[in-house]
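K.L.:
Knowing the structure of chain A, use the given hints to seat chain B on it.
These are the residues of each chain, in order.
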Amino acid sequence: MQTSRILMIGAAVLLLTLFIFPLWQITLIAPQYPDGVVLKIWIDKIGGNEPGTLQNINILNHYVGMKPIEPESIPELSYLKYIVIVMATLGLLAAWINRKMVILGWAVLLLALGVLGMYDFYLWEYDYGHNLDPNAPIKIEGQAYQPPLIGQKTLLNFLAKSYPHLGGMAMFTSMILAFLAYWIKNKTKDYETANTSNAMPVADGMLAQAQAD
Amino acid sequence: MLSKNLFQAVMTVTLLSLVACGQQTSMSGAGVLGSDAASAVYVAPGEYDEFYAFFSGGFSGQLAVYGLPSGRLFKVIPVFAVDAEKGYGFNEETKPLLNTSFGFIPWDDAHHPELSQTNGETDGRWIFINGNNTPRVARVDLSTFETVEIIEIPNSGGNHSSPFTTENTEYVVAGTRFGVPYPQQDVAIDSYAENFKGMLTFIKVDPETGEMSIAFQVLLPAFDYDLAHSGKGKSHGWTFFTSYNTEQQSTLLEVNASKNDKDFIAAVNWKEAERYLAEGKGHDMPSEYMHNIYSDRTHMATSHTRNSVKVLIPSECPGLVYFLPTPKSPHGVDVDPTGEYIVGNGKLSADLTVHSFTRMQEAIEASAFETEIEGIPVLKYEDVVGGVVEKAGLGPLHTEFDAKGNAYTTFFISSEVVKWKVGSWEVIDRAPTYYSVGHLMIPGGDSRNPEGKYLVALNKITKDRYLPTGPELCQSAQLFDISGEKMKLLSDFPTVGEPHYGQGISASRINSRKIFLIEENEHPYAAKGEKDARVERDGDIVHVYMTTIRSHFAPDNIEGIKVGDKVYFHVTNLEQDFDVPHGFAVMGATNAELLIMPGQTETLLWEPKKEGVFPFYCTDFCSALHQEMQGYVRVSSRSSNIALKWGLGDLPM
Chain A
1 MQTSRILMIG AAVLLLTLFI FPLWQITLIA PQYPDGVVLK IWIDKIGGNE PGTLQNINIL
61 NHYVGMKPIE PESIPELSYL KYIVIVMATL GLLAAWINRK MVILGWAVLL LALGVLGMYD
121 FYLWEYDYGH NLDPNAPIKI EGQAYQPPLI GQKTLLNFLA KSYPHLGGMA MFTSMILAFL
181 AYWIKNKTKD YETANTSNAM PVADGMLAQA QAD
Chain B
1 MLSKNLFQAV MTVTLLSLVA CGQQTSMSGA GVLGSDAASA VYVAPGEYDE FYAFFSGGFS
61 GQLAVYGLPS GRLFKVIPVF AVDAEKGYGF NEETKPLLNT SFGFIPWDDA HHPELSQTNG
121 ETDGRWIFIN GNNTPRVARV DLSTFETVEI IEIPNSGGNH SSPFTTENTE YVVAGTRFGV
181 PYPQQDVAID SYAENFKGML TFIKVDPETG EMSIAFQVLL PAFDYDLAHS GKGKSHGWTF
241 FTSYNTEQQS TLLEVNASKN DKDFIAAVNW KEAERYLAEG KGHDMPSEYM HNIYSDRTHM
301 ATSHTRNSVK VLIPSECPGL VYFLPTPKSP HGVDVDPTGE YIVGNGKLSA DLTVHSFTRM
361 QEAIEASAFE TEIEGIPVLK YEDVVGGVVE KAGLGPLHTE FDAKGNAYTT FFISSEVVKW
421 KVGSWEVIDR APTYYSVGHL MIPGGDSRNP EGKYLVALNK ITKDRYLPTG PELCQSAQLF
481 DISGEKMKLL SDFPTVGEPH YGQGISASRI NSRKIFLIEE NEHPYAAKGE KDARVERDGD
541 IVHVYMTTIR SHFAPDNIEG IKVGDKVYFH VTNLEQDFDV PHGFAVMGAT NAELLIMPGQ
601 TETLLWEPKK EGVFPFYCTD FCSALHQEMQ GYVRVSSRSS NIALKWGLGD LPM
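Protein sequences appear in the order of chains A and B. Every letter in the first sequence is one number past the one before it in this note's numbering, and letter 179, counting from 1, is 179. Every letter in the second sequence is one number past the one before it in this note's numbering, and letter 105, counting from 1, is 105.
Isolated chain B (complex conformation):
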């Protein structure tokens, strides 16, 4: 009897809880899909979003530009991967951007976009992004939303802890994720401990032009330097790099590099580095790397070989680097807006370790070191820790901040964002993500002045969240309103490629240009008017100086081309009107199209292999007579003596 009652009671409780669960689910479902959330992300047709958001494309090698809160995709900026749509990496002008010491590379893995800053605030001038596989850093100009510079990082292998700016964009950084032999050489892999090193690179950014140059490198033990962030406010002058594999293993890292209870955050004092460099402590090390710059005047990139870098060795430069013990393979390292707290997201831990910059300074002052590794003092954990957010979740990866003293941390394993209070270390709120969030982004959330209002969780896995598209599914961004005490999920949307880090900025801080002025065009093969359009032969190289204007090419009939010629179509778009690009495609071209903005010149190399008459045409629907925007090029045999001639309508040219 008793057992029967007990059974009934248990059943009742179970049923009730099931009902309650069901209700809860449907209620939260209504919350997510309710009209208030919908209106919060609704940007009416013709209206503008409040924020620009930039999400890296990861293995797509690109950078995607979205609007927030709508989540509308505006543009995919090609950075490290060729893009046939825009002719990027296919036209002659942009090929040099992808040049490296290994030659032309059409792809890379782009992880962390980072906006330029002035006085610790995003200034909307440039956005930097790292190429992970063949170590590089790119700069995108935010007046044109085009990649304008790529610099290769020598003595590095896997440029992951990059670019992460300082608060006046004095430097962007590039720490190696993989230890590599230094200098690079043919050695046994199991000689890792003696031959491998980990290099941290500081790239100077010209305050006027944005042009990058490698200022110096710091030679460290061959740990895996995972992520970075620079200090701000009181900690301005320092950059912090997380590390894992302090075990210095080269095989089965998932086990072998997870042994140490604590790895390190490397704190680099770059102001001291500047002093040591001025004292001549930098070693000039031969290192070949490429520096590629694009000009908006010549509309072309040039690639330059650099041969040397300055290397600082910590044992020769006391005070340059300190190690802060941090539990369990820390992934992200994030500095709060005041610059006091340095959050080490120990990815195999359930706790979040927060170091105090003030305590770190005191410990350095007191020379209270636990030990030294290759001349680098290791501070004592208990001397530098400022607080611990206990049992916040599982697998903390990254933290961003709002303007109200709160921090938001992503937990990959428990698939959630957790909001906690900086200083009291108490957990305030938690929200699930769908699924397995990596980075998160709050506009200005890694600067001194977060514009916080929205938080975007960048998810690695979507499983059942969208209509399936075969085995390969999209990744996603998930938008939260963080203006209140509780985080509120507003929407989620698929992303281009795998988003790693993101950046956001008030749209008002970005000054997007409309056209390039034709009179400022300094391209050596520009035809700045139809009267300059012409065809010139130099041996088997033919230069076509072609113009486009609605709705014709000049010239649009070309004869006298021979099989085996190298024909360069230099197409100048004479348009000076906003949003009137012209495209150029020619039959049999083995590369791609050109997409030429008003006032710009771009060049397509065409190598005709067959005799015949081949059409070319405009690929971007430019006008009412776009379909008529076409022409022919006649290709004759190698031995023919058909004269080179060209024209447009009645006009002999």
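One chain only, chain A, in its complex shape:
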């Protein structure tokens, strides 16, 4: 099988690991929390390393007036999974078609979704960090509690670390694979592709059709 096609199949399948691994992880570290408070964000839920993590974070946040994190009120968690399924399906389709512009199109779409996702994540973080209850027990002039988009930052007594988790890394790798597939495809002439693809007549047919278009 062609390298580009394998890479695209890999890219599509990698996206499906988002159903297993969290996208992102925010870790809060303070002396009283020797193991850290670890918040994990999946495509369809928010949790942590303990069953009570979310409650524990909400308890900590309420002192400074941050809104409680309520997964049921975050619409993204209800539809992200469909986007992932659609992207994985499109990725497999692109693998099947195995044409450079199709592959590039998919990669760019994934990149765009990734950037949009990060922007959305930033907006949520901004909202949680700035939109504070005026009746909060602890109020510090000019202090916001927005966690870093990526990287680490000190928020009062906590050091907040925000980094992609396995799912996020898989998504990034998926993107790399797609661009790699495009790059390989771009180096290889299309007629060679056609000549070496005899083992997959249907795909060849599709290719021929695509070339004819």
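Warning: the hint list may mix true and false statements.
Unchecked claim - With beta-carbon atoms standing in for the labels, derived distance ranges:
id	chain 1	residue 1	chain 2	residue 2	range
1	A	His130	B	Pro615	31 to 39 Å
2	B	Ser512	A	Leu149	36 to 44 Å
3	A	Gly114	B	Tyr632	49 to 57 Å
4	B	Ser512	A	Trp183	51 to 59 Å
Please keep in mind that the hints were generated in silico from the structure rather than gathered at the bench. For every residue, glycine included, the Cβ atom is placed at its ideal position computed from N, Cα and C.
P.N.:
Using the frame of chain A, we list chain B on its own:
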């Protein structure tokens, strides 16, 4: 002239020896306090101890948990005595644990902790401990370090030879230290010989849940059954009980019970007992006793009355019990890791008698009996003795073992621990204790696999060892390094109450839990979220379903309570974070506080006697806003018609 020289010589020798003595003292002092000993017990801040140690509290009724080698105290687990600090025995959930056939008893005398074992090794699941005064056995769960079960022992008086497990925790045992009338009845004390009996009880332990049940009792003559240990390896299937007062006296025992040159070790074959029970040889004897079990799901204990036990009578069950003559009122009976040697610590003797299990079996095989007492064959001393450790010290009490074939025996009167070789019976080393050591403990030292490295001597008397605290002084534990040929004193530290026996275990074998999951809380009065918080009245009984979470109670304002009500505060701690308990105390409560672990529900009964508005608050410093964690309950006159209402902040509830 000659006499003058002699005098000078004597003086010189005396002075020299004095100097030598002084040097020796200061040298050994340097050894004790030297940096190597200090570093051997130093566990750096934030580091963990290698071993857990459990020392009974004796007359404190509790069980203390220490770390070794540091000797740091971590927790005092309330078992047989109420503990206002934890609400144990004061809250409604734990009161049933202390229920007995005599009613609620807030105290007992706790002597011998014993870890559960699997294949002869400590497994870190449970620790059992006996209550001596009103005979009981308790089980502490080592995932929560809480007492979860107490079973009363009927037909017993002074549960001293207990609990001492078998090698797969098939049974823990409970032998009576005091002969009592059987069945218990109003008789003349001097009818001891005809009316009194001594009962040995075998408590079955469920291998999955740990739940105890009395499997059977063995009816023996009214000797005082002092201590016990079960066989292991080749002697698995047997349990050995020491006895004194084989004279069967009821008065001035210090003289009258010290007459016989030899008393007995009772060897009970519990596998034979199982066979006889299966054959239907057990007599169903009416006996009222309580069985109390605590659940980590409902977070409450329930007390059940039991009415009958199976009693086996040795004369009807040949081969069930044998008596092994053992010199001078043996106290501890300790079985070496191989199961071959049974050490009888004859406390009024200078020698240690060691019986051989193999020789005992041969003597039984040959039916070479000296006599019979109530149908129980008495083996001949010379047929069963395997060896004698001669003139080892004065007043041997207890023996534990290391993994290298050595035994360590405490001598109460000569106040020392003596190390000797199992098999050759030679004394290897001796170390003084400060003072009058009772039990000793080597982690795993009574199991098939001693983890020996440390030995702890548990001392009865401290006299001048610590800063004095008035007439009542502490008891102490004394830590020795036993990894070398010579025992090395590392440190000593005061204990909680009077430590009798102790147990030790590698910390890695214990799996301590962090919280209780709120969704698993099955307490009938739990409020599993603030939306469930409420107050309900039923006649003059008021149930407050209250929750705690940092940093407020829900509800925190309650009105409509009347003088004479019985108010039950059922407080559920909604926290799901490690080490965030909340306390609950209300003014005028005549019992104690509640101390509620995350996910748990506990109940305090409050009976307001005066009108007014009374504060309640959190007693365990929980958070930055702990001081704000408070509320009020308004109490009106009996005839008032103020409606029951409750709330939290702006939220009407």
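K.L.:
The structure should be examined with respect to each hint, and the outcome stated for every one.
P.N.:
So, going through the hints one by one against the coordinates:
no., hint, result
1, His130(A) with Pro615(B): 31 to 39 Å, "holds (37 Å)"
2, Ser512(B) with Leu149(A): 36 to 44 Å, "holds (38 Å)"
3, Gly114(A) with Tyr632(B): 49 to 57 Å, "holds (54 Å)"
4, Ser512(B) with Trp183(A): 51 to 59 Å, "holds (54 Å)"
Figure legend: structure checked against the earlier numbered hints; every hint is met.
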